[in-house]
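K.L.:
Protein chains in written order, with my numbering: chain W, 1 to 213; chain S, 1 to 169.
The set of hints was computed from the structure by calculation and includes no laboratory data. The beta-carbon is built from N, C-alpha and C at its ideal position, and this holds for glycine as well. There may be inaccurate statements among the hints.
[Claimed, not checked] Pairs of lysine to aspartate or glutamate residues, derived as EDC-like cross-links and limited to a Cα-Cα distance of at most 16 Å, are as follows:
id, chain 1, residue 1, chain 2, residue 2
1, S, K142, W, E208
2, S, K12, W, E91
3, W, K86, S, D28
4, S, K138, W, E209
5, W, K180, W, E208
6, S, K138, S, E161
7, S, K142, W, D205
8, S, K158, W, D99
9, W, K180, W, E161
10, S, K139, W, E208
11, S, K127, S, E49
12, S, K139, W, E91
13, S, K127, W, D197
[Unchecked claim] Some chain W residues flagged as far from chain S (calculated, every beta-carbon gap over 12 Å):
id, residue
14, R70
15, K72
16, Y92
17, N107
18, N115
19, F121
20, P148
21, N175
So you can see what is in the structure, the chains are spelled out below.
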Amino acid sequence: MNNLISGNMNLEFSWNPHLVFNLSKLIDDKTTFLNQEPTDSRIRLDYFNPDFLYKNQYLTFNENELNETRLKLQEGFARQLILCIKEQHFEYGVTSMADQLVSEQMNINALATKNTINKLFIDNYNKPDIVIGLLQVVSRITVEQINPEGYTMATAAISHENHEVKETAIRCLENWGDKKALEILQSISVDIAWLQDYVNSIINDIQEELCLT
Amino acid sequence: MSYLVRKITRGKWLSDKTKDNPFDISSDAITADLRSRGNTLSVWEVEQEADIKEAVIALATAGDRLDTIDVVWIPKNELQEKQIECIDTPGNTPIKTLQNTHIDLSSMNYFKIGLFAESIINNIAAKRIKRYSAGDLKKLFKAAIQDGTLSKADLSEKIQETLEPKLNK
Chain W
1 MNNLISGNMN LEFSWNPHLV FNLSKLIDDK TTFLNQEPTD SRIRLDYFNP DFLYKNQYLT
61 FNENELNETR LKLQEGFARQ LILCIKEQHF EYGVTSMADQ LVSEQMNINA LATKNTINKL
121 FIDNYNKPDI VIGLLQVVSR ITVEQINPEG YTMATAAISH ENHEVKETAI RCLENWGDKK
181 ALEILQSISV DIAWLQDYVN SIINDIQEEL CLT
Chain S
1 MSYLVRKITR GKWLSDKTKD NPFDISSDAI TADLRSRGNT LSVWEVEQEA DIKEAVIALA
61 TAGDRLDTID VVWIPKNELQ EKQIECIDTP GNTPIKTLQN THIDLSSMNY FKIGLFAESI
121 INNIAAKRIK RYSAGDLKKL FKAAIQDGTL SKADLSEKIQ ETLEPKLNK
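Construct the entire structure; sequences and hints are all you get.
P.N.:
Following this line, the structure appears as structure tokens:
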């Protein structure tokens, strides 16, 4: 199943009665299909994906079904990530096990991975240790890869009652260090003096880094 | 008077309760920041408060990425008075001049960890705590590379990437 989802050709479609029923037509159409340029709704490499719906002479697929299958594959990852966050010894300045796990998963399917992390964040919002762990991981993903979900999580976390959650959210924005992060930092105010000092110092750092001063 | 510098997670230690009573220090602070190996805890020694940056750069080079860190510094004699053993051991830093400034607090046990935690909150209260942002660390690294005490090649790939200037994003 993994091969199918990652886009590799795989002929394990015989279990799909729909495809078996149309096998001869499928083979005929395959020749026609492969000679045409792929479009948004027809991707050659996923031709034999059993999640595709066989309609008329073309293979088309249902985006929602495809996403659902991908998200199911992410369930195992979600469990592993939570376990990792709970069990690991996290240290600033050092790459963690959770970082490595997420990095691998991002390479497989960035969109589904971000969706999973976002869902875990919402589901565990009342558990500071998990939220902090998720934010620590998120903060170490590049700004190009993690956003816009990253901004949403960080912004939501800044209003959390737990100080460490707030701080970790601010660390996310510091690590991303782009103009959007700067805008968010400039628009927030925290009620803890040392944390507000931290926000101010990051604003200065980002402005200096982006040559905005 | 020399000081011993230790990296901590500020948010875990700064609770109003802990100001008066070390027994109120959160267990997360103890288990996350005072995790010992072989019953030892690692600290870096500096001769005076003006030299804290040296310990910070030693700490930061021991990691593989640049993150904002908090450090607390404690007078060495304060720990010695508490019978906490300070043993010179080679430090894990590519900066040769700092390798011999590393100390292991050894034979740590339940009681001594408590004493050390108490010293941490007392010195936080005495303002012997400082946050070094990733931006501050970058500047320290760049200065060390410039004056030849640190070679860029000795740093992890991630840190090397971080030291590259960002273009306007």
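K.L.:
Compare the structure with each hint and give your call.
P.N.:
Comparing the hints with the structure gives:
1. S/K142 with W/E208: This hinted pair holds, its Cα atoms lying about 15 Å apart.
2. S/K12 with W/E91: holds (13 Å)
3. W/K86 with S/D28: holds (12 Å)
4. S/K138 with W/E209: Distance of about 11 Å is within 16 Å: holds.
5. W/K180 with W/E208: The given pair, whose Cα atoms are some 15 Å apart, holds under the 16 Å limit.
6. S/K138 with S/E161: holds (11 Å)
7. S/K142 with W/D205: holds (15 Å)
8. S/K158 with W/D99: Holds: S/K158 and W/D99 sit about 13 Å apart, inside 16 Å.
9. W/K180 with W/E161: violated (24 Å)
10. S/K139 with W/E208: Measuring from Cα to Cα gives roughly 12 Å; hence the hint holds.
11. S/K127 with S/E49: Between S/K127 and S/E49 the Cα gap is close to 12 Å, so the pair holds against 16 Å.
12. S/K139 with W/E91: violated (21 Å)
13. S/K127 with W/D197: holds (15 Å)
14. R70: W/R70 clear of chain S: closest Cβ-Cβ about 29 Å, beyond 12 Å.
15. K72: holds (33 Å)
16. Y92: The claim breaks: W/Y92 does not keep its Cβ more than 12 Å from every Cβ of chain S (closest is about 4 Å).
17. N107: holds (16 Å)
18. N115: Label holds. Min Cβ-Cβ 24 Å, cutoff 12 Å.
19. F121: holds (19 Å)
20. P148: holds (14 Å)
21. N175: Violated, because the least Cβ-Cβ distance between W/N175 and chain S comes to about 7 Å, which does not exceed 12 Å.
Violation of the numbered hints given earlier is confined to hints 9, 12, 16 and 21; the remaining hints are satisfied by the structure.
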